[in-house]
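Single-letter residue listing:
Number of protein chains: 2
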Amino acid sequence: MKEDALKEKILGFFRRNTGSYISGEDISNALGVSRAYVWKYISKLREDGYVIDAVPHLGYNLRSAPDKLFGYELKSGLKTRTMGKMAIFHHESIGSTNDAAYELAEAGEPEGTVVVAEAQSSGKGRIGRKWLSPKGAGIYMSIILRPDVETDEIPTVTLVAAKSIADAINDLNKMDAGIKWPNDILIKGKKVCGILTEVKAQPDRVDFLVLGFGVNVNTPAGKLPEEGTSLKNVSGSSVDRAQLVRDILEKFEVDYLRFKKEGFNALRDECKRLSLVLEKTVRVKEHHRVMKGKAVDIDEKGALMIRDEEGIVRRVFSGDVVMCRR
Amino acid sequence: MKEDALKEKILGFFRRNTGSYISGEDISNALGVSRAYVWKYISKLREDGYVIDAVPHLGYNLRSAPDKLFGYELKSGLKTRTMGKMAIFHHESIGSTNDAAYELAEAGEPEGTVVVAEAQSSGKGRIGRKWLSPKGAGIYMSIILRPDVETDEIPTVTLVAAKSIADAINDLNKMDAGIKWPNDILIKGKKVCGILTEVKAQPDRVDFLVLGFGVNVNTPAGKLPEEGTSLKNVSGSSVDRAQLVRDILEKFEVDYLRFKKEGFNALRDECKRLSLVLEKTVRVKEHHRVMKGKAVDIDEKGALMIRDEEGIVRRVFSGDVVMCRR
Chain Y
0 MKEDALKEKI
10 LGFFRRNTGS
20 YISGEDISNA
30 LGVSRAYVWK
40 YISKLREDGY
50 VIDAVPHLGY
60 NLRSAPDKLF
70 GYELKSGLKT
80 RTMGKMAIFH
90 HESIGSTNDA
100 AYELAEAGEP
110 EGTVVVAEAQ
120 SSGKGRIGRK
130 WLSPKGAGIY
140 MSIILRPDVE
150 TDEIPTVTLV
160 AAKSIADAIN
170 DLNKMDAGIK
180 WPNDILIKGK
190 KVCGILTEVK
200 AQPDRVDFLV
210 LGFGVNVNTP
220 AGKLPEEGTS
230 LKNVSGSSVD
240 RAQLVRDILE
250 KFEVDYLRFK
260 KEGFNALRDE
270 CKRLSLVLEK
280 TVRVKEHHRV
290 MKGKAVDIDE
300 KGALMIRDEE
310 GIVRRVFSGD
320 VVMCRR
Chain E
0 MKEDALKEKI
10 LGFFRRNTGS
20 YISGEDISNA
30 LGVSRAYVWK
40 YISKLREDGY
50 VIDAVPHLGY
60 NLRSAPDKLF
70 GYELKSGLKT
80 RTMGKMAIFH
90 HESIGSTNDA
100 AYELAEAGEP
110 EGTVVVAEAQ
120 SSGKGRIGRK
130 WLSPKGAGIY
140 MSIILRPDVE
150 TDEIPTVTLV
160 AAKSIADAIN
170 DLNKMDAGIK
180 WPNDILIKGK
190 KVCGILTEVK
200 AQPDRVDFLV
210 LGFGVNVNTP
220 AGKLPEEGTS
230 LKNVSGSSVD
240 RAQLVRDILE
250 KFEVDYLRFK
260 KEGFNALRDE
270 CKRLSLVLEK
280 TVRVKEHHRV
290 MKGKAVDIDE
300 KGALMIRDEE
310 GIVRRVFSGD
320 VVMCRR
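Protein chains in written order, with numbering that gives the first Met the number 0: chain Y, 0 to 325; chain E, 0 to 325.
If you are wondering where the hints come from, they were derived from the structure by calculation, not from laboratory data.
Since this is a predicted model, take the numbers as computed values, not measurements.
Heads up, a few of these hints could be off.
In silico contact screen, one side only, chain E against chain Y (beta carbon under 8 Å); selected entries [to be verified]:
1) S121
2) R125
3) I126
4) P146
5) T150
6) I153
7) T157
8) Q201
9) R204
10) G235
11) D239
12) S317
13) G318
14) M322
15) C323
Here are the simulated DSS-like pairs of lysine-lysine, each with C-alpha atoms no more than 25 Å apart in a straight line [to be verified]:
16) E:K129 with E:K84
17) Y:K284 with E:K300
18) E:K259 with Y:K284
19) E:K291 with Y:K300
20) Y:K260 with Y:K300
Just so you know, even glycine gets a beta-carbon here, dropped at the ideal spot from N, CA and C.
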């Protein structure tokens, strides 16, 4: 981790001085390490795929970064206090980031700890489904959270995260992402992100919560599921995955702190504004029943309120929503 | 486990023929193993603390069993199909049976798997509390469950287990045990059993549930917490711990199957009849608030319904109940 901290600092220094050459001495002075160390870590960064020019008498210049979600890359320039500021566990490939984060949470890792992978061999969706996770194409990530909430508030955490991620996506060019209750983000009717929250809980207390999400970023059309799309597919241009991760972590931290301080109600209107199902006629397949009606509200526990044909309003806590054509 | 299966069979054979001497040949024929094997396993049982007489020309006689909750001892004569019929992990001492069972559940052990210990060094109660678990004095046990339920049904599983355990205790002499919502069993106002349910869940699905409970069985007064009692303390005589475990497993299996088939409502009236808080004025300390009123019902999700002084009925999902003197 010491090594990562130095890489992060050197990267940060380059980025604060974009465009200009920096001497090894400047870096050495700024970071308080020897010039030999600077040279060693610049070599290491090059091994990781960073292209760094070295011109005699001028110094170093960061020409390009590899398309990788290294922990030190994500931390470099990340403006948060907790999210991503604890350990970031980066994997070239992993079974499921949620499973890894769950184990780390059990072992006591703190809130804000992140597991991120370039690829997942068995990325998880809700109720045992798969999340296709081709290498280097998306963001496959899980965050450990330890909020002081009760079990019936879990769905609200998922909704808050959906809001933060949708906001980060909508800050990109030409994007119009919305939330399909309870845990998907869609653009033009196609899924671009799925969220899977898993918890360890006692009846009245959540021990910890693992917030996992997959975003199809630069996933080519051929590697997308039928109902899915990717940000690149929508906009036509590649998106910087590392920058998007930083944007998501920053937005989520702000929203999550507000959620912890003021409760879900403080974010409820914004979640509702982003919702793609409200005011629509929907069919919801819950665990044991199917319901049809008009989605009229998302309540203070994150439940979807559906008014059926007889005018009776029912609460649905989770399920698969199909939007019906009128 | 093979070894345990043979021990269980030999024990079972002894117990079906209580009082009479049995020849090694009879055992050998009945179990389909050599007489040398029978001899070997009788030696092993003696090492475990079983007193087995051997009289020339007459055969063997089981005189006494040690006061231990060995897996094969619990399985011997156990009339269930699932509960305790999977692996039983017995420990002389363990941190917490719930933690061990949770790990086993994560690793895929099936429903009905049991972890039991003679002592716990950090027995867990609700919301971070301790459960005193002195050696050989109580039952410290956890069962892995994999019911097809949603997260808001978790409290009902705890209540069903409380009913089964209270029933098993009340089948003993001179016992009058009741359920103090949500997770304790009391006799004469003092706690004799606590239940701790822990789950792994997604918002709309329980992956697994660990049902842990501690029963103060023969715990001497000096080793009881202030608010606690033990079965021996109440009745004046020692209780066979292994037999009580079998009774609990058998009753719980019946109740649990009914719960899975018909839902909590099928057992709700019986739970209510055993409840010590209904019709009482109570103060409930929930996670973030305190409520006072009359406990008027336990609803179909296991929530306690409390009517406050203004006549407003509120649902409480979990918390600490104090029964008030009028």
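Checked hints:
1. With a least beta-carbon distance of about 14 Å to chain Y, the hint placing S121 of chain E at the interface is violated under the 8 Å criterion.
2. For R125 of chain E, the interface hint holds, the least distance from its beta-carbon to any beta-carbon of chain Y being 6 Å, beneath 8 Å.
3. Because the closest C-beta pair between I126 of chain E and chain Y is about 6 Å apart, less than 8 Å, the hint holds.
4. Using the Cβ-Cβ criterion of 8 Å, the hint placing P146 of chain E at the interface with chain Y is not satisfied: the shortest such distance is roughly 12 Å.
5. Below 8 Å, beta-carbon pairs count as interface contacts, and T150 of chain E has one with chain Y at about 6 Å; its hint therefore holds.
6. Given hint, I153 of chain E at the interface with chain Y, holds; its Cβ is 5 Å from that chain's nearest Cβ, closer than 8 Å.
7. At its closest, the beta carbon of T157 of chain E sits 6 Å from a beta carbon of chain Y; the interface hint therefore holds under the 8 Å criterion.
8. Below 8 Å, beta-carbon pairs count as interface contacts, and Q201 of chain E has one with chain Y at about 6 Å; its hint therefore holds.
9. Taking 8 Å as the C-beta contact cut-off toward chain Y, the hint placing R204 of chain E at the interface holds, the least distance being around 6 Å.
10. Among the interface hints, the one on G235 of chain E is violated; its C-beta lies about 35 Å from the nearest C-beta in chain Y, farther than the 8 Å criterion.
11. At its closest, the beta carbon of D239 of chain E sits 31 Å from a beta carbon of chain Y; the interface hint therefore is violated under the 8 Å criterion.
12. Residue-level restraint check for S317 of chain E holds (minimum Cβ-Cβ distance to chain Y is 3 Å; threshold 8 Å).
13. For G318 of chain E, the suggested interface contact is upheld, since its CB lies about 7 Å from the closest CB of chain Y, less than 8 Å.
14. With a cut of 8 Å, the hint placing M322 of chain E at the interface with chain Y is violated, because the nearest CB-to-CB distance is about 19 Å.
15. About 21 Å separates the beta-carbon of C323 of chain E from the nearest beta-carbon of chain Y, more than 8 Å, and the hint is not met.
16. The straight-line distance between the Cα atoms of K129 of chain E and K84 of chain E is roughly 29 Å, outside the 25 Å bound, and the hint therefore fails.
17. Distance hint between K284 of chain Y and K300 of chain E is fulfilled; the C-alpha atoms sit about 20 Å from each other, no more than 25 Å.
18. Using a Cα cut-off of 25 Å, the hinted pair K259 of chain E and K284 of chain Y holds, with the two alpha carbons roughly 20 Å apart.
19. As the CA atoms of K291 of chain E and K300 of chain Y are separated by approximately 23 Å, the hinted pair is consistent with the 25 Å bound.
20. For a cut-off of 25 Å, the pair hint linking K260 of chain Y to K300 of chain Y stands: about 16 Å separates their Cα positions.
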